[in-house]
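Visitor: Make the full structure from the sequences, and use the hints.
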Amino acid sequence: MMDLSVVKKYLREYNASDIHIMEVCGSHTAAIRKLGIQSLLSEHIHLISGPGCPVCVTASSYIDKLLQLARAGKCVVTFGDLIRVMGSTSSLSIEKGRGARVEIVYSPFELVKMAKSEPNTQFIFAAIGFETTTPIYALLLEQLITENIQNVQFLTALKTMPPVIEHLCSLSAPIDGFLAPGHVSVITGSDIFLPIAKRYHLPFGVSGFLGEELLVAIYGIVKAKDKGCVMNFYPTVVQAKGNQKAQECVQKYFVKTDAAWRGMGIISDSGLKIREEYNIYDAGSADLIEDKKSNQACRCDEVLMGKISPIQCPLYKKVCNPLNPQGACMVSSEGSCHAYYTNG
Amino acid sequence: MSKNYVTMAHGSGGLETEKLIDEVFATAFGNEYLSQMEDSTIVCGSHKIALTTDSFVVTPTEFPGGDIGRLCICGTVNDLLMRGAMPKYLTCGFIIEEGASIDSLKTIAQSMGETAREANVLIVAGDTKVVNGKGDIYINTTGVGFIDKEQEELGARRCEQGDCIIVSGKLGEHHAAILSSRMNIENHIQSDCAPLNQMVVALLEEKIQIHAMRDVTRGGLATILKELAVASNKNFIICEDSLPVSDTIKDFCGLLGLDPLYMGNEGKMVAIVSKNHAQRAVEIIQSSSYGHDAAIIGHIENGDGKLLMETSIGGLRNLEVLTGEGLPRIC
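Protein chains in written order, with the working numbering: chain A, 509 to 852; chain B, 1179 to 1509.
Simulated from the structure, these hints should not be mistaken for lab results. Since this is a predicted model, take the numbers as computed values, not measurements. The beta-carbon is built from N, C-alpha and C at its ideal position, and this holds for glycine as well.
What the simulated footprint calls covered on chain A by chain B, stretch by stretch (three residues with Cβ under 8 Å from a Cβ of chain B suffice, anywhere in the stretch; the number is not a length):
# : segment
1 : 544-554
2 : 717-723
3 : 824-838
Keeping only pairs whose Cα atoms sit at most 20 Å apart, straight-line, the calculated SDA-like set for lysine to any residue is:
#  : chain 1 : residue 1 : chain 2 : residue 2
4  : B       : K1197     : B       : T1306
5  : B       : K1197     : B       : A1303
6  : B       : K1484     : A       : S547
7  : A       : K621      : B       : E1364
8  : B       : K1312     : A       : R609
9  : A       : K749      : A       : P703
10 : A       : K825      : B       : T1501
11 : A       : K582      : A       : V620
12 : B       : K1428     : A       : E721
13 : A       : K815      : A       : A681
14 : B       : K1226     : B       : T1320
15 : A       : K621      : B       : N1362
16 : A       : K825      : B       : D1482
17 : A       : K825      : B       : E1498
18 : A       : K517      : B       : T1489
19 : A       : K621      : A       : E611
20 : A       : K517      : B       : L1494
21 : A       : K825      : B       : V1408
22 : A       : K781      : A       : A754
23 : A       : K516      : B       : E1488
24 : A       : K517      : B       : G1492
25 : A       : K624      : B       : N1362
26 : B       : K1197     : B       : S1213
27 : B       : K1312     : A       : E611
28 : B       : K1484     : B       : V1408
29 : A       : K621      : B       : R1360
Guide: In structure tokens:
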């Protein structure tokens, strides 16, 4: 590891042209805010939060479909954060209050137990996430198939990271480098970002989540400005080719598809869906492309693309707060607006 | 329904109710006031009186390091202590769902009795109601404490620039123990649920200049300190490296994306103490039961109600109160 005092001094005193570094991992966003990293950087180094929180990028049509299934008497099973995200007019949390059955789980495998103990209930698993989470869904699907459990279906909104990063680069967004996602890279491998880095002459630094790791990665990115390269600053767990077993497992059950990103529209081949041969396990995930804002003044879309900081949104800390989120970025603790709100 | 389970008849007010009270509660709580079995209890006192009430709905009712019985005594006793009051009398109200096991109820009552004796309080009145449901047990306790008439009232408005912020021990343990139980995670984390009489009595007896005390329960340390900062209109500055958090809890939080600053305890307190008494206060707390890991974690400056933390990496983090649903019911 580099001498941290040298790194800190360099980052504090950096006085060259402004540099914008985007992080595309919700855990990075949360860690940066929690550690007060920005307060250690020169005013010429700007950290911007990109589309790294899976809850935040989920389109309203997906939530609407979940609500429709919940109202039809199915039991919707989800991770906690998703229940508070607004669809076009309601959220799972609101529907739960009206009597719909919505269960929160910490592990998808709790669902297997639930499905076995209630064979007459139809369960819908809200499967959202990036490359990090998809292998778990693949294993869950495998278990359902092996044990012939037929009362569970998935509603998927699975996303992959490289296409959305490429999309942002193609829009000429003001980004000079990426803090590449640590957890995603464990699965995909760091090489996955190399083609984009080369095409757009941008440095990518794969980082861990500790303060030292983040500072060293930011330092590396600043130093490599304008160079198309991928630097792995998280070598203890990230390898160039990633976790190939997990990749194979995902490929066995899922296939690439176009996906809708909240506020950004459809990005081709940026998602995964269940393969056709297993489509009895799909609760109708295709064509969920509509994306309506529940509050027209919400600027989550621009926050997700790094065009504005959360504090530039007119709703931020006024009508929009974690108790009354107007946009998805205020819901999850990994959302940019929530991280700004709770950690100043 | 088996005789080992609570039925609606146990809430009828008749023979079954009497039997339940005799076998479960009177045995565990027995004292001269309760045994009178009158409609209300008359107690004596010539002090200023502190009153508080709290309801306990934790699931599961038994967890590593405690149960709802110990919790419902500690919660109310600690709330009295935090105002500098000596806990004296408690009342308890049980809402019991039909189907609750009488053995569990006995264990809970036993635990309440033992904890009440440890905290030097008497349970002087009680009530039981049985309702339809699936066997859950809820308890309300109300507490009466006595305050010396000469003693200046403790509270946020007395916090001053230069005061030290002391926390009485390691953070997050109760919360992590409950979550581990709920999620079937095997570890050695135990709830820290405990009555804090000994440390508070010692601080008061030694005439330590305490300005405010709060127990670190739901919302965690950050929420409590932010509330004090706002109420006193001062800036509270804490240092991440000084926070007592065990490695096990750090790992547990890292794994689940939790923050020990926002996790509840049930046997820890924060004391705001004048600077020149702070070191002595820490020594007193450290030598009391449940205070071994007490530490000074920060200080107070003039300001406008901010809670700021110097992070381990040297950054500055602005902390707000816990928002949202937090985590499952823990008390």
